[in-house]
Amino acid sequence: MADPMRIRAQAAGDKTTVRVLMSHEMETGQRKDSAGKLIPAWFIQQVTAAHNGKTVLTAEWGPSISKNPFLQFVVKGAKAGDKITLSWVDNKGDKRSDEATVT
Amino acid sequence: MKRNLLLGLAATALCAGALAQKSTADGIAEYRKMLEDGNPAELYEAKGEELWKKARGPKNASLQACDLGQGPGVVKGAFVALPRYFADTGRVQDLEDRLVTCMATLQGLDRAEIVKTPFGRGEMANVTALATYVAAQSRGLRFNLPQTNAQERESYEIGKRAFFFRGGSHDFSCASCHGEDGKRIRLQDLPDLTKNPGDGIGFAAWPAYRVSNGQMWGMQLRLNDCYRQQRFPYPGFGSEVTIALGTYLGVNAKGAESIAPAIKR
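Chains as they are written, first to last, in the numbering used here: chain P, 43 to 145; chain Z, 1196 to 1460.
These aren't lab readings, by the way, just hints derived from the structure by calculation. Backbone N, C-alpha and C define an ideal beta-carbon position, used for all residues, glycine too.
Simulated coverage check for chain P against chain Z, where a stretch passes if three residues somewhere in it have a Cβ under 8 Å from a Cβ of chain Z:
#, stretch
1, 44 to 50
2, 108 to 114
Here are the computed lysine-lysine pairs in the DSBU-like style, where the Cα-Cα straight-line distance is at most 35 Å:
#, chain 1, residue 1, chain 2, residue 2
3, Z, Lys1355, Z, Lys1459
4, Z, Lys1249, P, Lys134
5, Z, Lys1459, P, Lys134
6, P, Lys134, Z, Lys1248
7, Z, Lys1228, P, Lys57
Taking beta-carbon pairs under 10 Å as the criterion, some of the chain Z residues facing chain P (in silico):
#, residue
8, Gly1233
9, Glu1245
10, Val1406
Work out the full structure, taking the sequences as your base and the hints as a guide.
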């Protein structure tokens, strides 16, 4: 089971800025280990963000995204108290979903 | 082919020169500022907090009764007063070494086993996460290491000697790079650690997340890597010399504000 994400969602006017830190190795599949063997690719493939259950962002990621990725986006119309849910699926099928309340 | 490559490199260097209107240090400062918003050290901090509270090990106990120098279970303010002397072990210990002691005494984990684990693996990765959590609870506080005990004063003196001790194939000491202002390795400014280098610099910035390799580094690994760069043999984890150096740097940093866990290039 993957480590939790850190999600901060701050409202300003009618816009909410969401900042997400994800804990993931994001292995490209290009690197070799100390024995010279290829380290298999392992990265987040799909990212979904939802505002009160309604999907507001989907992304398809690849191996070029950094380790422990940081994602920031703005949700229009989200107010304090609303729920922001982030979920990802990686290429090994591992999943993680976390929720935060807009402040 | 080789010549073309060289020409290409020269052209790249020229472009970089033309773009460098602001100083390199400004550029780095700006880069750090951008990164600060999403410091992945927070992930390790969260992991460390969970490890601190979770019952683990053969004794199935949490670390919440661990005495980091401010009394059992007191985390806030512990980091800025370490390394210090502990009566139960009869020696001066830094944060990471003390955490291993607690993991051994409270949770029943094998100290020798943890100490020889490479950095970033198994229980050693847990020690770093725990250190990140503990350090984060003292963010904004100022360093004030105790120097009342004879062993603490001795540790400072040993650290000072070690800091100025030259050796290895390059005849380096810590002071070769960290003994005066304005020195750097590649683009990294090196603080003068023989005095208080200022808030959040040097000792007051570690544990830190290193963006370049995506690793969380505690002070033990920081010192270990300094010795690697000096071409010294690797010092043991929690060895007397690493703790003494910690004491020397920590006492010198008296009054400096801790920003740990920080973010590094």
